[in-house]
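Here is how the chains run, residue by residue.
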Amino acid sequence: MNGFLADWAGAVPVFAAPFLLATTGLIINERAGVMNLGAEGIMAMGAVSAVIAMLSGSGLVAAILCACAAAVAITLLFALLAVVLRLEQVLSGLVIFAFGVGLSGVLGDSYANQPIKALGPVAPRIFAGLPHWLGRILDQDPLTYFAFVLPVLVWWVLERTELGLRLRAVGEDAPAADAAGVNVMRMRIGAVLSGGLVLGLAGAHLSLVGSQVWVNGMVSGRGWIAVALVTFSRWNTLRAIGAALLFGAVQAVIPLILSSGLNVPIYLIQMLPYVATIVVLGASGIGRTSLSAQPEDLARPFLREERR
Amino acid sequence: MSVLPYRLVLSPRLAVPRWLRAATLVGGIAFGLICCAIFLIAFGVPAGDLANQFILYVFGNSAGLDQTLTRAISLTLVALSVALCLRIRFWNIGVEGQLWMGAIGATAVSFYHIGPWFLRMPLMIGAAAIGGAVWCGIAAVAKIRLRADEVITTLLLNYVAYLFAQDLLYGRWRNPTDQFPVSPTFPRYEQLPTFGGWHLHYGVFIALAATAFCWWLCRYSRFGLLSQAVAENRTASRALGIPVARITLTTACLAGAVSGLAGFSIVSGEEHKLTQFVGNDYIFPSIAIAYLGRANPVGVFIAAIAVAGLYTAGDSLKAFYQLPDTVVVTMEAFLLMTVAAFDVFIRYRIGLLRSQPKAIRAKAVPPAEARGTGA
Numbered sequence: 001m002n003g004f005l006a007d008w009a010g011a012v013p014v015f016a017a018p019f020l021l022a023t024t025g026l027i028i029n030e031r032a033g034v035m036n037l038g039a040e041g042i043m044a045m046g047a048v049s050a051v052i053a054m055l056s057g058s059g060l061v062a063a064i065l066c067a068c069a070a071a072v073a074i075t076l077l078f079a080l081l082a083v084v085l086r087l088e089q090v091l092s093g094l095v096i097f098a099f100g101v102g103l104s105g106v107l108g109d110s111y112a113n114q115p116i117k118a119l120g121p122v123a124p125r126i127f128a129g130l131p132h133w134l135g136r137i138l139d140q141d142p143l144t145y146f147a148f149v150l151p152v153l154v155w156w157v158l159e160r161t162e163l164g165l166r167l168r169a170v171g172e173d174a175p176a177a178d179a180a181g182v183n184v185m186r187m188r189i190g191a192v193l194s195g196g197l198v199l200g201l202a203g204a205h206l207s208l209v210g211s212q213v214w215v216n217g218m219v220s221g222r223g224w225i226a227v228a229l230v231t232f233s234r235w236n237t238l239r240a241i242g243a244a245l246l247f248g249a250v251q252a253v254i255p256l257i258l259s260s261g262l263n264v265p266i267y268l269i270q271m272l273p274y275v276a277t278i279v280v281l282g283a284s285g286i287g288r289t290s291l292s293a294q295p296e297d298l299a300r301p302f303l304r305e306e307r308r
Numbered sequence: 309m310s311v312l313p314y315r316l317v318l319s320p321r322l323a324v325p326r327w328l329r330a331a332t333l334v335g336g337i338a339f340g341l342i343c344c345a346i347f348l349i350a351f352g353v354p355a356g357d358l359a360n361q362f363i364l365y366v367f368g369n370s371a372g373l374d375q376t377l378t379r380a381i382s383l384t385l386v387a388l389s390v391a392l393c394l395r396i397r398f399w400n401i402g403v404e405g406q407l408w409m410g411a412i413g414a415t416a417v418s419f420y421h422i423g424p425w426f427l428r429m430p431l432m433i434g435a436a437a438i439g440g441a442v443w444c445g446i447a448a449v450a451k452i453r454l455r456a457d458e459v460i461t462t463l464l465l466n467y468v469a470y471l472f473a474q475d476l477l478y479g480r481w482r483n484p485t486d487q488f489p490v491s492p493t494f495p496r497y498e499q500l501p502t503f504g505g506w507h508l509h510y511g512v513f514i515a516l517a518a519t520a521f522c523w524w525l526c527r528y529s530r531f532g533l534l535s536q537a538v539a540e541n542r543t544a545s546r547a548l549g550i551p552v553a554r555i556t557l558t559t560a561c562l563a564g565a566v567s568g569l570a571g572f573s574i575v576s577g578e579e580h581k582l583t584q585f586v587g588n589d590y591i592f593p594s595i596a597i598a599y600l601g602r603a604n605p606v607g608v609f610i611a612a613i614a615v616a617g618l619y620t621a622g623d624s625l626k627a628f629y630q631l632p633d634t635v636v637v638t639m640e641a642f643l644l645m646t647v648a649a650f651d652v653f654i655r656y657r658i659g660l661l662r663s664q665p666k667a668i669r670a671k672a673v674p675p676a677e678a679r680g681t682g683a
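Protein chains in written order, with the numbering used here: chain A, 1 to 308; chain B, 309 to 683.
Because the hints were derived from the structure by calculation, they are not lab data.
Remember, it's a predicted structure, so these values are computed and weren't measured experimentally.
One thing to keep in mind: the hints can contain errors.
[Stated by the list, open to error] With a Cα cut of at most 25 Å, we get these calculated SDA-like pairs of lysine to any residue:
#	chain 1	residue 1	chain 2	residue 2
1	B	Lys626	A	Lys117
2	B	Lys626	A	Leu197
3	B	Lys626	B	Ser319
4	B	Lys626	A	Ala69
5	B	Lys626	A	Ser220
6	A	Lys117	A	Leu197
7	B	Lys626	A	Val215
8	B	Lys626	B	Gln361
9	A	Lys117	A	Arg160
10	B	Lys626	A	Tyr111
11	B	Lys626	A	Gly217
12	B	Lys626	A	Val213
Extracted from the complex, chain A is given alone in its bound form (with noise of 0.2 Å):
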């Protein structure tokens, strides 16, 4: 039973990563007051684009790049959208949630199911003293050391500094930063397409170190369930590695149980991410504080002219 404790505990920092990177993109997006449902298709376009881009030859940093490159360029789509030009933010989300989906299956249709060079553990020698357990915990690739490294980054700036101040204030109340002189709209653009670049992370995340392969429709949710952890983090970054860990720690017993032989029903067994989720968002609305942390201006877009 040790050993499969320490493959649970091992495997969880790499379920986990893409969780945390997909939550914290969403959550600068969210402090800035834009809700940003194309998650799915933007980490879907991330996750191919490393894939081809590793397929054709480049490097790993070249792929990370591809991946953030497509993420922005996807992300300039529904900044155009749902900031420029006001559009309902669910209706937005849902547009690019599935035009990034789509093309990244017609994108990733002729390097499907074909695997890659993956993104392995950069130093396993420094951990060879640790006990075994540990050892497998903090013995992770760069990737999921940036995702764990980024949300402390992250509060920081959102926190601690001028810029997210501003940015804050244009999710809390955007009548009154534009007042106080604050561009609303470039301050919008701005977190979207930070937001969107993390999403991108996320996504090569997926395909360079989880599953080492593009398969259509590979992403099965992970975008969703973010939408769903920044609520459960309440809006905070560092919350948000907790939540990541707990939905990390769920999806890493699944392929276990699976590959242990017991007679386990797998598709229930599959099921536990999503039902969790819903859970977790249930629960989150139980208090009558928990709700409180959700920035005043969410989802409302803000045009000058426009009485409110």
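Since the structure of chain A is provided, determine the placement of chain B on it from the hints.
Same frame as chain A, but now just chain B:
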């Protein structure tokens, strides 16, 4: 934005002329189709063949028309489900799950031989409607009681329903004769009759009846009027004594039931058994159709036929040019994107303003000495 010489200014419109609404819709669809054409040409479809694919194969021959209309049945039903919910600003992204639960409900009645043979079909319809209604109702209750965002809950329930169906198909309901993951084939009296020789089945009447019912509900019923108030302003409706929670739950359950009927029409009219492919790819089409049809039941019916044509065209594109399945979703996304983007003309008056006020001021107010010499 001050770096640009001109600044985009949107000012809200109060009244929108009818011609502008029509022109915007037509313009959006036309622009979307152009985008789709460019997209397809970029992926290797010869430009000359596009017209063939879209007109000849879809509406020009009876096989294409048959496929289009058959597909339009389920698409109409799921899009009506989204449209009903849209009318109270409830986002139902879970039609696929509701459709699966409907299909599972109908198949359960068949599998466990519930009721005598002549009551079998109505029981299957009822079970399908209940299955869908419960699935959507869960999300509505979570929204009302726990303030859980219905966009996420309905969407995630899709995965749960799909996996539940897989569990049944690979477990208890697996066909005992050949071990394929499909349920046993329904007997004749559980299958919707077809129009002689066509695949098109009597599910058409279900789709027509559902459209008519939704049209009556939205247009003439007290319920429709109240839900319009709820859509406009939930807080004000509550203050006026309108039972907002009850209306939300009823609408969601009705919508779920309509999606469930789509599941029934597929298993009973098309597949004649529960298969793994019953609920594939309905989430986004349902939203696109509901939006293209302006959440109006009659509009939804028309849009569903048009989008079903897109699928028929997509099938021939797949066959002739080896394009993947997702090409159709991408085209739908293009269409919805352009139509929704063109809506900006309905909501706002758009103007360009010079963004260099200094230059303008210099022209408007000439320097003092110039004025002095002039006088």
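List, from low to high, the hint numbers that the structure doesn't satisfy.
-> Those not satisfied are hints 1, 2, 3, 4, 9.
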